[in-house]
Amino acid sequence: RIKQLQVRTGGFTEFVPLPFVHMESPIYLKGKARKGPTFREALLIHAVARLVLHPHIQNIQTSWVKMGPEGVKHCLNAGVNDLGGTLMNESITRAAGTVHGQEMLPEWMENIIVEAGRLPEQRDTLYQASKTSQTQKSYGHHQLVGSHA
1 RIKQLQVRTG GFTEFVPLPF VHMESPIYLK GKARKGPTFR EALLIHAVAR LVLHPHIQNI
61 QTSWVKMGPE GVKHCLNAGV NDLGGTLMNE SITRAAGTVH GQEMLPEWME NIIVEAGRLP
121 EQRDTLYQAS KTSQTQKSYG HHQLVGSHA
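Numbering follows the working numbering, in which position 90 of the sequence shown is assigned residue number 90; successive positions increment by one, without gaps.
Treat the hints as calculated values from the structure; they're not laboratory data.
Possibly wrong hints are sitting among the right ones.
[As the list claims (entries may be wrong)] Only pairs whose alpha carbons sit at most 20 Å apart, straight line, appear in this in silico EDC-like list of lysine to aspartate or glutamate:
1. K137 - E107
2. K137 - E110
3. K131 - E110
4. K137 - E103
5. K73 - E121
6. K131 - E107
7. K73 - E14
8. K73 - E115
Based on the provided sequences and hints, a complete structural model is requested.
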């Protein structure tokens with residue numbers, strides 16, 4: 001249905017599979033939801049999304065908050081072309097039980113992308129390359145207190 005809707009409207013710029021983080025989720029703790037997907041299942045949904053949605057939705061994004069740095073590398077090799085944003089003070093996924101931090105500096109993102117054998121490029125919301133001056137402004141900032149990636 002997503003692909004059909006995209007063919008009809010052209011309204012999606014990306015598809016972002018967000019695996020359910022169950023560990024501290026109230027709905028899971030009350031016994032009203034199953035555990036979230038395994039790592040393999042989460043990776044497969046990214047890969048299948050690339051296969052099924054191509055060429056109608058060109059961008060498949062992964063969430064570093066949910067997948068972690070190693071998971072992101074695997075996703076980049078499974079069809080993902082977007083690492084997502086530089087969230088600051090992310091709290092929802094952390095409250096649900098992940099341990100991947102609340103902030104990832106652009107420098108760290110670039111390292112992960114390069115380690116996965118891909119070329120990093122900052123972009124805007126519409127997937128246009130960011131101006132060099134804007135890209136440079138994103139570097140060299142200090143990490144928030146208490147966050148880690």
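Please write out, lowest number first, the hints stated earlier that are contradicted by the structure. none
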